[in-house]
Amino acid sequence: MSNAPQGNDPRLDRRAAMHALLDGRGDLLLVTGLGSTTYDAAAVADDDRNFYLWGAMGAAAMVGLGLAIARPERRVLVVTGDGEMLMGLGALATIGVQRPPNLAIVVFDNARYAETGMQPSHTDFGVSLTGVARSCGIDAVFDISDEAGLRDLAALLPRFERTIFARVAIRADEPPRVLPSRDGVFLKNRFRRALGE
Amino acid sequence: MPETSSQTSPPTADWRDGIFAALKAADIRQVGYVPDAGHSRLIELCEADREIRTVRLTSEEEGIGLAAGAWLGGQRAVLLMQSSGVGNCVNLLSLAKSCRFPLTMLVTMRGEWGEFNPWQVPMGTKTQAALELMDVLVYRVEHPGDAAETVTAALDIAFNGELATAVLLSQRLIGAKRWVK
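In the order they appear, the protein sequences are chains V and Z.
For the first sequence, the working numbering assigns the number 947 to the initial residue and increments by one for each residue that follows.
For the second sequence, the working numbering assigns the number 106 to the initial residue and increments by one for each residue that follows.
Keep in mind that the hints were calculated from the coordinates and are not lab data.
All residues carry an ideal CB built from backbone N, CA and C; glycine is no exception.
Among the clues, some could well be false.
[Said to hold, decoys possible] Not close to chain Z: a few residues of chain V, all C-beta gaps over 10 angstroms, as computed:
(1) A991
(2) G1004
(3) L1013
(4) E1061
(5) T1076
(6) R1123
[Stated by the list, open to error] List time: in silico DSBU-like cross-link candidates among lysine-lysine, alpha-carbon distance up to 30 angstroms:
(7) Z:K231 <-> Z:K202
(8) Z:K129 <-> Z:K202
(9) Z:K129 <-> V:K1134
(10) V:K1134 <-> Z:K202
[To be verified] Just a few of them, taken from the derived set where beta-carbon distance is under 7 angstroms, the chain V residues facing chain Z:
(11) R961
(12) A1002
(13) M1008
(14) V1009
(15) G1012
(16) P1018
(17) L1032
(18) M1033
(19) A1037
(20) T1040
(21) L1102
(22) F1106
(23) G1130
(24) F1137
(25) A1140
Sequences are here, hints too, so could you generate the full structure?
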């Protein structure tokens, strides 16, 4: 996988990237962050084991942490955007201390706030999310900007055994929105039911 | 609530043990916290317990997500924080409310009885109002003998009713922080 600096091209298509991560997802549990990663997941396939955040910006990684601790026998994938991750950077420090072996955090980084009109985010000015993750003690850190790197990451998801942080460079575009349910109680209950709770 | 009671027993460590027993009885398995003097004994008890996973947070708002994730996975979590931390949680409480995640926050109060630091006063005097603004059910403990059963009641409502609750542990109960060496 590439260790090239951020801002490098080529960048990946976000929908194709989400599809690559979820293709053959096995029993992976998915949490997505406020905004486009939720639409990406819904565009691939809505699933009872997807929990979409429609608010609580900055919380995606922490929801993943609580879930990963509660279900050590399952692997948990959080996919969120750079803006959402930037709002909860402290979570990376908290996760770096806990280091659950079954939690993977993937940030789709287009260096933009797509939801609010494509304004540049801090990553567009050189803030390195992989650098933050590494500094927080997460040791499996990947910076991905090509399809080979993405395939390697997808292949890891069914079998990883240590905390993963991956930044995936995606193009700043807005594919047609695919909106899953916004009913939080429904999303919560179906997720728990899928886990037998 | 009015500060009236016939109880005369001084605050002791026992009420903290009582809260810990209440957490155990409710099968709490994750405890998110920001280090705090008032909660220090409870945090130590939780860290020493093999069935409880303690999660040190950088900011209290992280705990709202943690507790939601725990519940999604079938575990119960509580959050321990100081009154100043409640202010950090306000937007994130929309997660608990929108999804009806059960949530119990145990809050040690600052900015009230015998407070030395005036910077604690603005948030301390608005803690209950801030929680109620977000529809969190708030219970307040003034006397050591009430602590355990109040926490039990808050946990019961949270996990049986899928609602957000908070227990405010008054500064008089905890003992004002001593600044003079």
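Against the structure, the hints:
Listed as outside the interface, A991 of chain V is consistent with that label: its C-beta sits roughly 19 angstroms from the nearest C-beta of chain Z, beyond the 10 angstroms cut-off. Listed as outside the interface, G1004 of chain V is inconsistent with that label: its C-beta sits roughly 7 angstroms from the nearest C-beta of chain Z, within the 10 angstroms cut-off. With a cut of 10 angstroms on Cβ distances, L1013 of chain V falls inside the contact zone with chain Z, its closest approach being about 4 angstroms. Non-interface call for E1061 of chain V relative to chain Z: holds, since the shortest CB-CB distance, roughly 16 angstroms, exceeds 10 angstroms.
Taking the minimum C-beta to C-beta distance to chain Z, about 19 angstroms, the non-interface status of T1076 of chain V holds against the 10 angstroms cut. The beta carbon of R1123 of chain V sits about 20 angstroms from the closest Cβ of chain Z, which is more than 10 angstroms, so the claim that it is off the interface holds. This hinted pair checks out: K231 of chain Z and K202 of chain Z have alpha carbons roughly 20 angstroms apart, not beyond 30 angstroms. Only pairs whose Cα atoms come within 30 angstroms are accepted, and K129 of chain Z paired with K202 of chain Z is accepted, the gap being roughly 25 angstroms.
Restraint check for K129 of chain Z and K1134 of chain V: the C-alpha separation of about 25 angstroms stays at or below 30 angstroms, so the hint holds. Taken as a hint, the K1134 of chain V and K202 of chain Z pair is honoured in the structure, with Cα atoms around 12 angstroms apart against an allowance of 30 angstroms. Interface restraint check: R961 of chain V against chain Z, minimum CB-CB distance 25 angstroms, threshold 7 angstroms, status violated. Annotation: interface hint on A1002 of chain V holds; nearest CB of chain Z at approximately 4 angstroms, less than 7 angstroms.
Evaluation of the M1008 of chain V hint against chain Z yields a held restraint, the C-beta minimum of about 3 angstroms falling below 7 angstroms. Interface hint status for V1009 of chain V: upheld, as the beta-carbon distance to the closest one in chain Z is roughly 4 angstroms, under 7 angstroms. Look at G1012 of chain V: its Cβ gets to within about 3 angstroms of chain Z, closer than 7 angstroms, so that hint holds up. With its C-beta approaching chain Z no nearer than about 9 angstroms, P1018 of chain V sits outside the 7 angstroms limit, and its interface hint is violated.
At its closest, the beta carbon of L1032 of chain V sits 14 angstroms from a beta carbon of chain Z; the interface hint therefore is violated under the 7 angstroms criterion. Using the Cβ-Cβ criterion of 7 angstroms, the hint placing M1033 of chain V at the interface with chain Z is not satisfied: the shortest such distance is roughly 10 angstroms. Annotation: interface hint on A1037 of chain V holds; nearest CB of chain Z at approximately 6 angstroms, less than 7 angstroms. Restraint check, T1040 of chain V versus chain Z: the minimum CB separation of about 6 angstroms is within 7 angstroms; hint holds.
Interface restraint check for L1102 of chain V: the shortest CB-CB distance to chain Z comes to about 21 angstroms, outside 7 angstroms, so the restraint is violated. For F1106 of chain V, the shortest C-beta to C-beta distance to chain Z is roughly 18 angstroms, which exceeds 7 angstroms, and the interface hint is violated. At about 3 angstroms, the closest approach between the beta carbon of G1130 of chain V and any beta carbon in chain Z falls short of 7 angstroms, and the interface hint on this residue holds. Contact between F1137 of chain V and chain Z, as hinted, is supported at the beta carbon level, the nearest pair being about 5 angstroms apart and thus within 7 angstroms.
Proximity of A1140 of chain V to chain Z is violated relative to the hint, the smallest CB-CB distance being about 10 angstroms (cut-off 7 angstroms).
Consistency with the previously given hints fails for numbers 2, 3, 11, 16, 17, 18, 21, 22, 25, ordered from lowest to highest.
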